[in-house]
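Undergrad: These are the residues of each chain, in order.
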Amino acid sequence: MKFGKTIAAATVAALMSTSAMAADIAVIAGSIEDGFFNLIKKGVDDATLVVEANGGTVNYLRTQNYDNFGPDLVTLINQAVAQGVDGIAIPVWVPEAQVPALQAAAKKGITIMMYNSGQQVKEEVKGVNYFGSDEFVAGVAGGEYMAKAGAKKILCHIQVPGAINLETRCNGVKEGAEKNGAEVVVLRVPANLDGDITGTAEAIKSELVGDQSIDAVITLAAWASDAATNAVAQIGAVDRVRVGTFDMNPAVLDRIAKGTQTMAIDQQPYLQGFLATSMLAAHLDFGTELATDPVLTGPAIVDGSNVETAIAGVKLGAR
Amino acid sequence: MTDRTPVLEMRSVDKSFGPIDVLHEISLKVHEGEVLCLLGDNGAGKSTLIKTLSGVHQPTRGEMLMDGKPVHFARPKDAQELGIATVHQFGGTYPLMSIGRNFFVGAEPTRGIWPFKVFDRKKANAIAVKSVQDFGITRITDGDRLVGGLSGGERQSLAIARAVYFGARVLILDEPTAALGVKQAAHVLRIVNEAKKRGLAVIFITHQVMHAMAVGDHFAVLIRGAVAADFRKGEKTREQIADLMAGGESMADLEASIEGYMETHEGHPPPAAE
Amino acid sequence: MTDSSIASTSRPAGSAASSSGFSLGGLFRRPEVGAFMGMVLVFIFFSYFGYDRNFLTPFGTSSWVNAASTVGIIAIPIGFLMIAGELDISIGAVVPAAKMSIAIACGFYGLPIPVGLAITFAIAAFIGWVNGMLVTRTNVPSLIVTLATLFAVSGLTLFLSLLLTDTTSQALTSPAWAKTLFGDYHFWGFQSSVFWWIGLAALLYFLLHVSPWGNWIFALGGDQESARNAGIPTDRLKIALFILASLTAALSGVCETVLSNSATTTTNFALIFNTIIAVVVGGVLLTGGFGTVAGVFFGTATLAIVQQGIGYTPFDRNLSSLIIGVMLLIAVLMNDTFRNMATSISSGKKK
Numbered sequence: 026m027k028f029g030k031t032i033a034a035a036t037v038a039a040l041m042s043t044s045a046m047a048a049d050i051a052v053i054a055g056s057i058e059d060g061f062f063n064l065i066k067k068g069v070d071d072a073t074l075v076v077e078a079n080g081g082t083v084n085y086l087r088t089q090n091y092d093n094f095g096p097d098l099v100t101l102i103n104q105a106v107a108q109g110v111d112g113i114a115i116p117v118w119v120p121e122a123q124v125p126a127l128q129a130a131a132k133k134g135i136t137i138m139m140y141n142s143g144q145q146v147k148e149e150v151k152g153v154n155y156f157g158s159d160e161f162v163a164g165v166a167g168g169e170y171m172a173k174a175g176a177k178k179i180l181c182h183i184q185v186p187g188a189i190n191l192e193t194r195c196n197g198v199k200e201g202a203e204k205n206g207a208e209v210v211v212l213r214v215p216a217n218l219d220g221d222i223t224g225t226a227e228a229i230k231s232e233l234v235g236d237q238s239i240d241a242v243i244t245l246a247a248w249a250s251d252a253a254t255n256a257v258a259q260i261g262a263v264d265r266v267r268v269g270t271f272d273m274n275p276a277v278l279d280r281i282a283k284g285t286q287t288m289a290i291d292q293q294p295y296l297q298g299f300l301a302t303s304m305l306a307a308h309l310d311f312g313t314e315l316a317t318d319p320v321l322t323g324p325a326i327v328d329g330s331n332v333e334t335a336i337a338g339v340k341l342g343a344r
Numbered sequence: 056m057t058d059r060t061p062v063l064e065m066r067s068v069d070k071s072f073g074p075i076d077v078l079h080e081i082s083l084k085v086h087e088g089e090v091l092c093l094l095g096d097n098g099a100g101k102s103t104l105i106k107t108l109s110g111v112h113q114p115t116r117g118e119m120l121m122d123g124k125p126v127h128f129a130r131p132k133d134a135q136e137l138g139i140a141t142v143h144q145f146g147g148t149y150p151l152m153s154i155g156r157n158f159f160v161g162a163e164p165t166r167g168i169w170p171f172k173v174f175d176r177k178k179a180n181a182i183a184v185k186s187v188q189d190f191g192i193t194r195i196t197d198g199d200r201l202v203g204g205l206s207g208g209e210r211q212s213l214a215i216a217r218a219v220y221f222g223a224r225v226l227i228l229d230e231p232t233a234a235l236g237v238k239q240a241a242h243v244l245r246i247v248n249e250a251k252k253r254g255l256a257v258i259f260i261t262h263q264v265m266h267a268m269a270v271g272d273h274f275a276v277l278i279r280g281a282v283a284a285d286f287r288k289g290e291k292t293r294e295q296i297a298d299l300m301a302g303g304e305s306m307a308d309l310e311a312s313i314e315g316y317m318e319t320h321e322g323h324p325p326p327a328a329e
Numbered sequence: 042m043t044d045s046s047i048a049s050t051s052r053p054a055g056s057a058a059s060s061s062g063f064s065l066g067g068l069f070r071r072p073e074v075g076a077f078m079g080m081v082l083v084f085i086f087f088s089y090f091g092y093d094r095n096f097l098t099p100f101g102t103s104s105w106v107n108a109a110s111t112v113g114i115i116a117i118p119i120g121f122l123m124i125a126g127e128l129d130i131s132i133g134a135v136v137p138a139a140k141m142s143i144a145i146a147c148g149f150y151g152l153p154i155p156v157g158l159a160i161t162f163a164i165a166a167f168i169g170w171v172n173g174m175l176v177t178r179t180n181v182p183s184l185i186v187t188l189a190t191l192f193a194v195s196g197l198t199l200f201l202s203l204l205l206t207d208t209t210s211q212a213l214t215s216p217a218w219a220k221t222l223f224g225d226y227h228f229w230g231f232q233s234s235v236f237w238w239i240g241l242a243a244l245l246y247f248l249l250h251v252s253p254w255g256n257w258i259f260a261l262g263g264d265q266e267s268a269r270n271a272g273i274p275t276d277r278l279k280i281a282l283f284i285l286a287s288l289t290a291a292l293s294g295v296c297e298t299v300l301s302n303s304a305t306t307t308t309n310f311a312l313i314f315n316t317i318i319a320v321v322v323g324g325v326l327l328t329g330g331f332g333t334v335a336g337v338f339f340g341t342a343t344l345a346i347v348q349q350g351i352g353y354t355p356f357d358r359n360l361s362s363l364i365i366g367v368m369l370l371i372a373v374l375m376n377d378t379f380r381n382m383a384t385s386i387s388s389g390k391k392k
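Protein chains in written order, with the working numbering: chain A, 26 to 344; chain B, 56 to 329; chain C, 42 to 392.
Everything labelled a hint here was simulated from the structure, so no lab data went into it. Even for Gly, the Cβ is constructed at its ideal location relative to N, Cα and C. Any given hint could turn out to be false.
Within a straight-line C-alpha distance of at most 25 Å, the following computed SDA-like cross-link-like pairs (lysine to any residue) qualify [as the list claims (entries may be wrong)]:
1) Lys133(A) x Phe100(C)
2) Lys220(C) x Glu149(A)
3) Lys199(A) x Asp276(C)
4) Lys172(B) x Leu248(C)
5) Lys106(B) x Val282(B)
6) Lys172(B) x His250(C)
7) Lys133(A) x Tyr92(C)
8) Lys151(A) x Gly338(A)
Quick look at which bits of chain A chain C covers, simulated, 3 or more residues with Cβ under 8 Å [to be verified]:
9) 290-304
10) 320-330
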């Protein structure tokens, strides 16, 4: 058995699996087409070094796309269970589908660790901890920031309608904005536009053209702010309409430095991936548990005042 | 022999599509056990004529009779039910289906009761192979072979055998030898003769005079939608028929003028200025 | 002469043993064997690289079999349509429409499941009927017609969902009997949809290869004009096939909704690709007139093995898509080789 395994390892130029005594973990994430999860992956990869040093394995599983998200996530959970893992690190985006599957996994003795989304169902799935942003709190921070910066009507764009973390963000934006004297209108676009910069830009542009009183846009993904700033530039309203976003990418920080984008709300996905993986392994191997529960990795607001340090982190693929 | 009632007859049939007159005063008769060859160059109206005979089009004027009684075909199915079968140039067969399945498309033999009817493959294959072999094609022995693997001539033969099996009384063959080589064409002509021997009336449409003369008993030449000539076998020579088809101009004259041109201009077209 | 040897070496789809007894050579020349060999190849590949992660265990098997079933239920009727010379890409919207129908009817309005099922299948049948009517009554190619219905149904699903429930996703709790029938795990984690898939495959095998109507479908795809002239009701047959495709799309959606207790309005574009890949890998000709149910069955399994098996391997996850692409290409090449063998040898060599 070991001989065969060694041969397999030698022929594969990637991460290898060894003995079955230490922690075998599955980390489940979102669509392979979504750049956000590359940041999570960097955290997971860095933590994997530690896990493997202690004799464990990490299997990083992602869905193909968001077209059939709930059932696809259940498929990945079942796959992890079939593979006989000791623990699963997973966000919960579609509770009705994922919770029963995770409960079934927990019944089989698999330890669940949560990250990125689904804080409210942590007890139901017996999650050890949650590493992520509180979506609602982050939304409130975003809405508050924009309103205090002078916005009166904020457009909140949702790229995957129904995804619980995204809906919660906009709900938070609403509360934060309304408390500070601004109103919020939500734009839900068809999920097939997810990742489609041109399509999303046009959708946002039509809203801006149709309602000239909108003076701020908040998007829920970094690429979506690429589309939003594009839309704003198209109608020549850079001075009139502010753009803010959740999550960051190099282009976002560039724009903040230049002044064409106002802010980004960072949930620090690197930390989510890194901590979820390493803490789960540590819990399985050594029985440790953090006293802080949940552990909030965000929101951290990046704007003109602190963009330089953020840019350094993006260059390393960690922010 | 010619006093018998024709199986199929057209009397002064005109066919127009809107303002365009395609067929003019067509009168034709075809009897059992006879082959009527319809000759005509491209554009003479042959395909419209076949479609009118087989019920795809309806005559604008004039009438059609079967066994002396007037008939009216509203759709191809009406003509088929009365025994008029058309075989098109490419056989009307399905290359990716087996011989047995091809033979019985639309009329599959079955076992069992509805809705659990089972296509009786063995029976279909047996009948199909036997029918084709009765016509003299002995090379086909396996009803499961795909029709696409047969030669053009064999496919035509299959289509004709099928028509005969399903009780056709009139067989309309649309340019059956046009796409075939010499040997295969001979095959098909043999089968036409066999069909004739079995008492079918055959309407054989072609523009190849040699093939027509090999099987025809009765000839009609179609020029620009009208019957330009109507004669029985032996009344005209090959050159005369070819001349008729070319529209009256002698084939020899045509050949001569082309040769003359080639000599003086060495084959090159005249320069524009001249 | 050599007639019997020709007979035993030239057996294409749908044939049994020759009179000389069971012929292994004859078996190998059946076109669906290509799809089978492609499946075996990818299965061996992932069994080897996924061994440590339990790919070969019953639970590991149910992993890909489950994924195969949700696509497979729809793929066979899509294969029928392709054999008949048409395409149906509206299924990408019919599935979420069906999902939302049952979820809203039973989850939001609390209607009993049988009522929800009746509503869902009625809606699906209607969409299929519209597809069929548009394709047969107009000259518009079915790709364009079903593209239009894809967007129309997608938009309607979103609009009606927001109108009736104010949200784009819906939860559904089902009674135990519905769970067992449509959405539960049996034996070693096999979903209910797996049993529907196998049953449907058997039924549709009978329809295409054993019943006389299957002959009509092949004729329709081979040469529509000739088929019509032979007396086959081509228009009605096409409409029936489109309705069948939509109904199976609804069945797949219902099974998934009951299993995952949720539905969203998202159009499943990936499903369109997956069904077409499954059908083509299964040996159905894109140009129509040829295909087998077994082939589509194996093609679906091949696709599922490749897409799910990747999660059992130790390869860098960033290479996943590349590996999936390469494996599918190899599977299709294997398939083509076998099909060419089948049809060329059946055309016979003169002795």
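Undergrad: Each hint should be assessed against the structure and marked as holding or not.
TA: These are the hints, each one checked on the structure:
1. Lys133(A) x Phe100(C): With a Cα-Cα distance of about 13 Å, the restraint between Lys133(A) and Phe100(C) holds, given a limit of 25 Å.
2. Lys220(C) x Glu149(A): Holds. Lys220(C) to Glu149(A) sits at ~21 Å (cutoff 25 Å).
3. Lys199(A) x Asp276(C): Given pair Lys199(A), Asp276(C) is violated - Cα atoms ~54 Å apart, limit 25 Å.
4. Lys172(B) x Leu248(C): With a Cα-Cα distance of about 9 Å, the restraint between Lys172(B) and Leu248(C) holds, given a limit of 25 Å.
5. Lys106(B) x Val282(B): holds (16 Å)
6. Lys172(B) x His250(C): At roughly 11 Å apart (the allowed maximum being 25 Å), His250(C) and Lys172(B) satisfy the hint.
7. Lys133(A) x Tyr92(C): Status holds; Cα separation ~21 Å.
8. Lys151(A) x Gly338(A): violated (34 Å)
9. 290-304: violated (count 0)
10. 320-330: Result for this restraint: violated, n = 0.
Against the hints set out earlier in the document, violations occur for numbers 3, 8, 9 and 10.
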